[in-house]
Amino acid sequence: MAFITANWNPLGEAFYRKIELYEMGWSLRDGLKDCLVAAAPYGGPIGDARPQLEIYSSSGTNMASFPWKSGPVRQLGWTVCDDLLCIQEDGTVLIYDLFGAFKRHFSMGNEVVQNQMLEAKVFHSPYGTGVAIVTGASRFTLATNIDDLKLRRLPEVPGLQGAPSCWAVLTQDRQTKVLLANGADLYILDNTSCTPVTPPGLSPQACSIVNMAVSFSYKYLALFTDSGHLWMGSANLKDKLSEVDTKVRTPPKQMVWCRRPKSQQPSVVIMWDRLLLVAGERQHKYTLDEESVCVAELDGVRIVGGSRHELLQEVPSACQDIFKIASMAPGALLLEAHKEYDKSSQKADEYLREIKEQSVLGEAVRQCVEAAGYEHEPETQKTLLRAASFGKCFLSNYPPEPFVSMCRDLKVLNAVRDYTVGIPLTHTQYKQMTVQVLIDRLVYRKLYPLAIEICRYLKTPEYQGVSRVLKHWACAFCQTGVNFLDDMGPIMSGENQTLHSTVRTSYQRSMVTYLKNEMNRGDFFMTLRNQPVALSLYRQFCKHQEQDTLKDLFNQDDDHQELGNFYVKASYKEKKLEARLSLLQSAVDEYNKAKNEFAAKATEEEMKLLRFQRRLDEEKGEALLGLSLQETLHALLTSNFHKQAEQLYRDFRVPDKRYWWLKLTALAEKDDWEEMEKFAKSKKSPIGYLPFVEVCVKQHNKYEAKKYVSKVTPEQKVKAHLAIGDLEGAAEAAIDRRSEGEISTVLSRCSPTTDRALLERLNRARSTASKK
Amino acid sequence: MTVVVLIAIYREVKGWAGVLLCSTSGPMAHSVRRDAPELPDFSLLKRLARDQLIYLLEQLPGRKDLFIEADLMSPLDRIANVTTLKQHDVDKLYKVEYKPIVSTSDQLCFLIRPRIKTVKWICDVVNADKAFGRFRKYKIIFSPQKFYACENLLEEQGIFGDVTTDEWSFYLLPLDDDIISLELPEFFRDNFLEGDQRWVRTAGSALHLLHSVYGPFSKLYGIGRCSKMAYESWREQVEEGEQRARQAEIGNVFLIDRDVDLVTPLCSQVVYEGLVDDIFRIKCGCVEFGPDVTSSDKSIKVMLNSQDKVFNEIRNEHFSQVFGFLSQKARNLQTAYDKRSGMDIKQMKTFVSEELKGLKQEHRLLSLHIGASESMMKRKTKQDFQELLKTEHSLLEGFEIRECISYIEEHINRQVSMVESMRLLCLLSLTENGLLPKDYRSLKAQFLQSYGIDHLLTFSNLKQLGLLVEQQPGETLTVMESRVGKLVNDKTAGKLTDAFSSLAKKSNFRALGRRLNLVPKSDEEYDLRVPRDMAYIFSGAYIPLSCKLIEQVLERDGWTGLEEVTRMLNGHEFAVTAGSNGSDARVKTDSQRIILVMFLGGCTFSEISALRFLGREKGLKFIVVTTAITNSARLLESMLDNHA
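Protein chains in written order, with UniProt numbering: chain Y, 1 to 772; chain X, 1 to 644.
These are calculated hints, taken from the structure and not from any lab test.
Take these hints with a grain of salt, some might be off.
Claimed, not checked - Partial selection, computed: residues in chain Y whose CB lies under 7 Å from chain X:
1. Tyr457
2. Lys593
3. Asn596
4. Ala600
5. Ser628
6. Leu629
7. Arg658
8. Ala769
As the list claims (entries may be wrong) - Some chain X residues well away from chain Y (every beta-carbon gap over 10 Å; in silico):
9. Asp65
10. Arg78
11. Asn127
12. Arg235
13. Met343
14. Arg414
15. Arg441
16. Lys444
17. Ala445
18. Gln446
19. Gly452
20. Asp454
21. Leu457
22. Ser460
23. Glu525
24. Asp641
Note that CB positions come from ideal geometry on N, CA and C, so glycine has one too.
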């Protein structure tokens, strides 16, 4: 506590402090030397290429790493949604997600391909993430939003050869412009024109502007000249804020703005090899002991080095008020009072009384709460919040919300700042970014359990919170191509050692349960559509559990074929005929929509058949309902309803062959031989007469069978004779036909009791036949 | 007394032998290469399963009633008999029948498959108890593993806290020396039709179990999407677990998806074991022969495996050869009995005590198999089996397709058998790369008239699986592909082509047949007594695609040279060297010649016979691991959707 101001450095009216965020978990052989580094704002991830692309979290945990096999990368950058952009010499931009999975690529145009890129910048604006490139032909190409790619080639800059000495991208008046310096000349380049500009009050000693920096909000501009002067002013170049002589003439490696919102202090952080300068109205120098990279943030600058990750920022006024040595601000007194109270010292009362006398207790509490938000150390946060809570006891009408929400915010912030998560957000950034976005980022980092925990903790409405995360989680699972329902099984039973934590398990459980929730079902179905594996699984699940959901699912997909099948299946279960018919009608409609005429027609016929069966059941007391067409016909024929059978035969266009077979067997089964004979004579049998023989034999009536043998075609004669056991007849027929095969068949049916003469005749005939 | 009985039986046998003598007989024994390696001892798997089951039962101390899922009963029987269960405090045994229970026990144990339906029933049982205010302890043992959906259901039904759950990792049931089954008949439908991949992990775990007991494997080959996933699941499990250096007993593994070759399981089986399965249905290595076989009034259950000496010699034989063998066997038996005449008392005593038992056993088995053969013969001639086979062979060879279609039409019209009609339709579609639109419609319409409109859904399933489809005009696809191909880069276009071809589910049977020589020229005489290749299992008409692939890949040690074949089979092929000690010369000897073939989605006995033949030819030993033993009827029945 006593050392809280130890890292404070005064700079004019304000103080600056450098806080260590993380000790980096990476092991880089040569620090950041010779690395191309890009770090995303809002505590985002860090990318690093050449010759290997590596992606780390802010705490240096490796998230991806793979050898770079594509063309040489000249610039890295992060998009607003945490995708990594790798810009190659030829202007090809490759996009990877933060786990190093390739997403897509686009080109910055032919001009870049021809002339090669000299420099590139990735910038963020309200329209999204943009890329600006200057080519070997000294021309600028700009894409304001990479998700809606429109390449703009900016006008030529007079007199510019090669790359400009420095340049930056500005967003002004809803337009993206490029500000560039060519020696001492400064130009603003927009879509149509190139305008020379002069910063007001730039010291005349300079002959070249060597570096420039635009603030996070695009409001301020800083220019560094070869004379070592730093000019600070508004980005529209109308006002000058201040100018400082840094006395360093080497061009800096990096220059970024470092100011917090609402601060009156303009200040810029300039970095050389081993020197870091905070320049405002005054200057403060830090020495760097390792290669570092500065990342501009909304309220400060993050400095990423080989071993440490630090935050440099102006000490917020609330913290200044409280911790400044010998401060008599209300918050400072309240903190003191609480400290004494903890020691059970009466001095507590003295301090309190002093605050109360000035009636600034409310202000004191407010200060403590606010300051707690700016502190990174949980211990300091706690001390301040306890002091605030203590002060609140003596106030009757102090609204609880600020205190409560600060406690919540800090809990969330401490959780995401954790080493394993590695998102070092400040309270100011968090508020700017909103919880929604934070949740999205956690989801994107696949930190689903934490995201859910936060949603629950903050009581975010299900729809925006837990459900949304679960949905993403489910999708992520589906994308892995693994059957997630099943994958759950082993995980739950603790088989999968990689995911053994009970916390994770319980989340995964709810993730699947979520599938069954009505909530967002439409969305969920839509998502599932692109995941065939998951979709078929879900269908399986519904088949067992929720038939109606299944219908919705098919409906959503306009899968009329499956819907038709669904109705047909439902019709089986339906006992009442009317309901059954209406289900079948629905099926017909769906099949028609699915352009499956066959199924539609078949279903229509089924309906026709059902109606026919009902009528007959009612009129004649039959029990036909539910039988197939064939069974119905058979039943009718065996019950002597020949007229009705004929009708069915015509109505359903039953093939002749089928009808003959049916009638034949039905008559045989009834032993109605007379009718059979009539039938055989009615017209020429489409199935021939061998079936007549066979059917009779099957009914053990050889007498009747014999009647038809003569009508059988010559090819089938042998068979017919054999069927009635007439070996001699068969032999005659076979010998007549001189067919070796048939003679052999007859021979194989001979037994030792067969007539010798016949056998000899057959054998003779066979040898003649085989000689042929 | 004994002697009298003996003579009576002897007469009976002699009678049969007389009938049999007139049928063809020939040399049966195949020349076995002497260097064929010994198979590993798989009884260890049974022991492991039994020990774990006992451990699980003891987790619920005290007397309890055990409810067993119907299709787990036979496998369980092969692991632990009733006595063993009783020894571990199992009071009464019940079959799960989805009805309210009558048990009076205070502790109920359920041994089930991870199926929603069964879990739902258990929930009903527990909730009924609750409604009665009855308190019992419940334990559910899922075999071989539990699925999340099951536990979720327990939770949903509010009984998650009332039951304890466990897993009995009984993945593998050795059915014979060289057959191991996962006994998961639903695998085929779930995985290939419904796209439900839950069982893939099960398959991976089964492979992992084999790997940890009989591995480490040195080389894995495979083809098919599911195989690849099972392989990946296996690899993950291997990486997670610890490696033990041990002498490998199984060197190579071949994984194959059933849908890579759907033609083979749809062909009529004519090898003895396959035919017995087609006609009598072998369940869990056991068949029930009815009165027509036993020539008595009761049925007999017979275990069919290599322990049955008679069966072991005929199981892989073409059916036409079986009679000859059996008659020879009967004659030998007769001779053995004949030794009895002229024996003195002492010799007779030795004969009775030493040989008689064996002879009687053989006699019993012989009469059973003769009975079975006769019964099969009767059935097969009754339905004009020869004509059916002729049609099948025509389909395989691509001859006289119109005649085949008329035959199928008549088959449907006469309602010979629904499944058989469907089988022929599918075989026609698979071999012809789909039916002409006109035939497709008319045959389906006739089928529906014969067997009921509800098969409309079955047809939808068959179409989805590519078993029965309409011929697509060839160009449309390629045009679409090339159009899309222009829009996207090559890699994506490749993927799209994959997607299209799987969409079309072309069987490419003709092209595959030509490329791999699956259909031998029909004009050559095929001597079934001396099989010259695997085609003998289909009377010389067709070499099963699945087995041919295995042969080719083993011969080439990978897929090189088979690129065109794999393309026609929709790819997903792989060949990986897994073991680091592959160079070890000692390992090369025996384990390298033992090949584990895993069929995902089931395999037929005919395929096993073909592999046994291949093994004999090449001096290899094949171990077949399958999700279940299948045949055309089982495969098609799993496609049916004609009931609610």
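Results for each hint:
no.	hint	in the structure
1	Tyr457	24 Å, violated
2	Lys593	15 Å, violated
3	Asn596	9 Å, violated
4	Ala600	10 Å, violated
5	Ser628	4 Å, holds
6	Leu629	4 Å, holds
7	Arg658	4 Å, holds
8	Ala769	20 Å, violated
9	Asp65	25 Å, holds
10	Arg78	26 Å, holds
11	Asn127	17 Å, holds
12	Arg235	14 Å, holds
13	Met343	36 Å, holds
14	Arg414	5 Å, violated
15	Arg441	6 Å, violated
16	Lys444	7 Å, violated
17	Ala445	7 Å, violated
18	Gln446	7 Å, violated
19	Gly452	4 Å, violated
20	Asp454	7 Å, violated
21	Leu457	5 Å, violated
22	Ser460	6 Å, violated
23	Glu525	15 Å, holds
24	Asp641	7 Å, violated
Going down the numbered hints, you'll see the structure goes against 1, 2, 3, 4, 8, 14, 15, 16, 17, 18, 19, 20, 21, 22, 24, while the others check out.
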